[in-house]
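If you're matching them up, the sequences are chains A and B in order.
According to full-length UniProt numbering, the first sequence is numbered sequentially starting from 1.
According to full-length UniProt numbering, the second sequence is numbered sequentially starting from 1.
Quick caveat, the hints were computed from the structure, so don't treat them as lab data.
Since this is a predicted model, take the numbers as computed values, not measurements.
A hint or two may mislead.
Below, in silico cross-link-like pairs of lysine-lysine (BS3-like), each with a Cα-Cα straight-line distance of 30 angstroms or less [what the hints assert, rightly or not]:
#1 A/K264 - A/K202
#2 A/K343 - A/K242
#3 A/K202 - A/K242
#4 A/K264 - B/K242
#5 B/K19 - A/K343
#6 A/K242 - A/K264
#7 B/K264 - B/K242
#8 B/K202 - B/K242
#9 A/K19 - B/K343
Over 12 angstroms on every C-beta distance to chain B, these chain A residues come out as not near it, computed from the model [said to hold, decoys possible]:
#10 A94
#11 R253
#12 A267
#13 A337
#14 R341
#15 S380
Just so it is clear, CB atoms sit at the ideal spot from N, CA and C, and this is done for glycine as well.
2 protein chains.
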Amino acid sequence: MSVTAPLGFRAAGVAAGLKSHGARDIALVVNEGPSRAAAGVFTRNRVKAAPVLWSRQVLTGGRVKAVVLNSGGANACTGPAGFQDTHATAEKVADLLGDSAGEIAVCSTGLIGERLPMDSLLPGVEAAAGQLSRDGGLAAADAIRTTDTVTKISFRRGDGGYMVGGMAKGAGMLAPALATMLCVVTTDADVPAEELDRVLRKAVAVTFDRLDTDGCMSTNDTVLLLASGAAGVTPEPAEFEKKITEVCADLARQLLVDAEGATKAIAIEVVGAATEDDAVEVGRAVARSNLLKCAIHGEDPNWGRVLSAVGTTAAAFEPDRVNVAINGIWICRAGAAGDDRGKVDLRPRDVTITIDLSAGPHTATVHTTDLTAEYVHENSAYST
Amino acid sequence: MSVTAPLGFRAAGVAAGLKSHGARDIALVVNEGPSRAAAGVFTRNRVKAAPVLWSRQVLTGGRVKAVVLNSGGANACTGPAGFQDTHATAEKVADLLGDSAGEIAVCSTGLIGERLPMDSLLPGVEAAAGQLSRDGGLAAADAIRTTDTVTKISFRRGDGGYMVGGMAKGAGMLAPALATMLCVVTTDADVPAEELDRVLRKAVAVTFDRLDTDGCMSTNDTVLLLASGAAGVTPEPAEFEKKITEVCADLARQLLVDAEGATKAIAIEVVGAATEDDAVEVGRAVARSNLLKCAIHGEDPNWGRVLSAVGTTAAAFEPDRVNVAINGIWICRAGAAGDDRGKVDLRPRDVTITIDLSAGPHTATVHTTDLTAEYVHENSAYST
């Protein structure tokens, strides 16, 4: 279903030869309207890929006709020539659709620092435009994969009959502000750009932004939300926000489960925080502890590594009032050993670490994975 | 030579049964004077082990008669009872030496969250006191090892004939503010406590504080500097600072080379920074990039991962003015691909990554290691 679940969208995914092994590598998503309201959220990395610089500018207008995405190259750290490549890609799509390049968003993913092979890419864009269809959402989702082992798609039906669909890619470099990921969410609801922007920012903040598999922030992260208005439905704002958040959360979950080399999906649930920001800071610090991530990989309920990570934050807490549970067993109480660690069952893939700061009523959950020899292996041999 | 290289110090290292395999696990270092001036620097982790809380208090007096150290247990996150254990250890040493517990520093290292076996530890302290000798420095250095594969010792002769000696332990959890480490530096120079404090802080800031193997900050980090005055020499301040810094740098280098599972020693040299703080921030961000550390392990000169880490910092720089060299080859110039990456030889153990921010005259070097499957293996199975 993916991005073509809502009315008014066509999509395609084709192989243009950017990937060496003949897999799909160009995706195109086109909004047929009547509306083309859109919003976007981009990486906070100060080193931004050319397509991020371009698309951020496009989104200031609040309108997107189409999104062209490629895997097989990030087009990051490629200088002015790389920016020209992005511009040429948008122009190509605009020509093919008889539209303006100023409303064509571009996303790229792959290795940093190399120019895109434009002599393969541009014919690929043309081929994708020729294959646009109402059921092209799955092929598009397939074309944006890099080390992803599966395509990531989601959809929800909204009250009154509108639809929300989405696709995402991302498997490593999932971090701080947006996982390294590309994500396009579509809807046939009729929602103005300002409202899309508000809703997308809120949804991203509690979903993709709370995913932190390896602490590495990408140069290319992009989340786009496009509304065609084709269903003729104007949703109730809170309900619409809920549906968008659900799709983002579903896609974020799929990214987590497919993270490179991971064998555990770890939810770090911080409760009793003085503020939500404190809860997120603590969750993120724990999510980034390589030592803890190794321990969970080894199915070792090493709560000392949780406390030592909590202690690196500026959050409000007293060390002797912190409690920690792993999979429901409170093995640390009041900052010291609590219930029998032998009772903790770490064999399931899903692991929940609950940290009670005893400092207030706020909570947040950050998601991460274990650190494995497979992660090291996969990332030792990515560009070579 | 270790901590007994300077006059006025005796030391011992014994096996008390804290480690299961019968290796040495208690060290004692005693200052015979005439001076007992001392300074200490401790972990900035807010979750501090009992011996850190104790020793920090001792050091406020600027005088240390003896340091007792144990491996085989960190005595962190052990609550009020754990603090009593530290207190009892200091009292035991004081009794044995006929001195005051208020001038006995205590250091512990090992697993967090478990009480120390005091019925083994206290007899061990007594045995150590019985074996104190002028050549006990090596046994003491041996007794503080945990996963360290070698003992770490160092010494330097100062101008005018005074000596500086040191021992350290630390192999994993090497991070932000002090590597996870215990370190005792001794000197027979006659230097007041205030001056020892000033010199030690400066030395630690440019040595141990710039070591970041896995981003994990320990609950137990302690660096102590003790002066006996037995050589009757009052060194020139700048020369003394230089010698102390050299000993700290030598020990830091030994910690780095012995880091758990590492196959590469990586120096991240930041030049052209607007401030030294900027240079350190950038160096540390790059040192913590798991993706980069995996790439270096795979001998892949993946400079894109350097830039994406630099981009997460708040340092002054323009992305299109950053240059990066790996082992002397400038493979990134002006934020884009530079010289041929095929020229980079990553086979040697020592790797230097030079990052030129083109934003000012300041520099700093942060040291880290590669991320390996062996690190994961070692830290998946530490407490079980």
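For the pair we were handed, A/K264 and B/K242, check the Cα-Cα distance against 30 angstroms. 48 angstroms, violated
Worksheet item: Any Cβ of chain B at or closer than 12 angstroms to A/A267, or is the non-interface label fine?
Response: 20 angstroms, holds
Is it correct that the beta-carbon of A/R253 has no partner in chain B closer than or equal to 12 angstroms?
22 angstroms, holds
Query raised in the report: Would the pair B/K19 and A/K343 pass a check requiring their Cα atoms to be no farther apart than 30 angstroms?
Result: Judged against 30 angstroms, a Cα distance of about 25 angstroms means the pair holds.
>> Tell me if the straight-line CA distance from A/K242 to A/K264 falls inside 30 angstroms.
In response: Distance ~27 angstroms between A/K242 and A/K264 Cα, so the pair holds.
| field | Assertion that A/A337 lies farther than 12 angstroms from chain B (Cβ) | value | Its Cβ does come within 12 angstroms of chain B, the nearest being 5 angstroms, so this is violated.
Given the hint that A/K343 pairs with A/K242, does the C-alpha gap stay at or below 30 angstroms? This hinted pair is violated, its Cα atoms lying about 37 angstroms apart.
Are the Cα positions of A/K202 and A/K242 separated by 30 angstroms at most?
Holds, at roughly 10 angstroms.
Is the Cα-Cα distance between B/K202 and B/K242 30 angstroms or less?
Holds, at about 10 angstroms.
* To do: Could you let me know if the closest chain B CB is still more than 12 angstroms away from the CB of A/S380?
  => The claim breaks: A/S380 does not keep its Cβ more than 12 angstroms from every Cβ of chain B (closest is about 3 angstroms).
(message) Checking one constraint from the list: CA of B/K264 to CA of B/K242, max 30 angstroms. Satisfied?
(response) At roughly 27 angstroms apart (the allowed maximum being 30 angstroms), B/K242 and B/K264 satisfy the hint.
Checklist entry - For A/R341, is the shortest beta carbon distance to chain B beyond 12 angstroms? => result Non-interface label fails for A/R341: nearest chain B Cβ at 9 angstroms, not farther than 12 angstroms.
The earlier numbered hints that this structure contradicts are 2, 4, 13, 14, 15.
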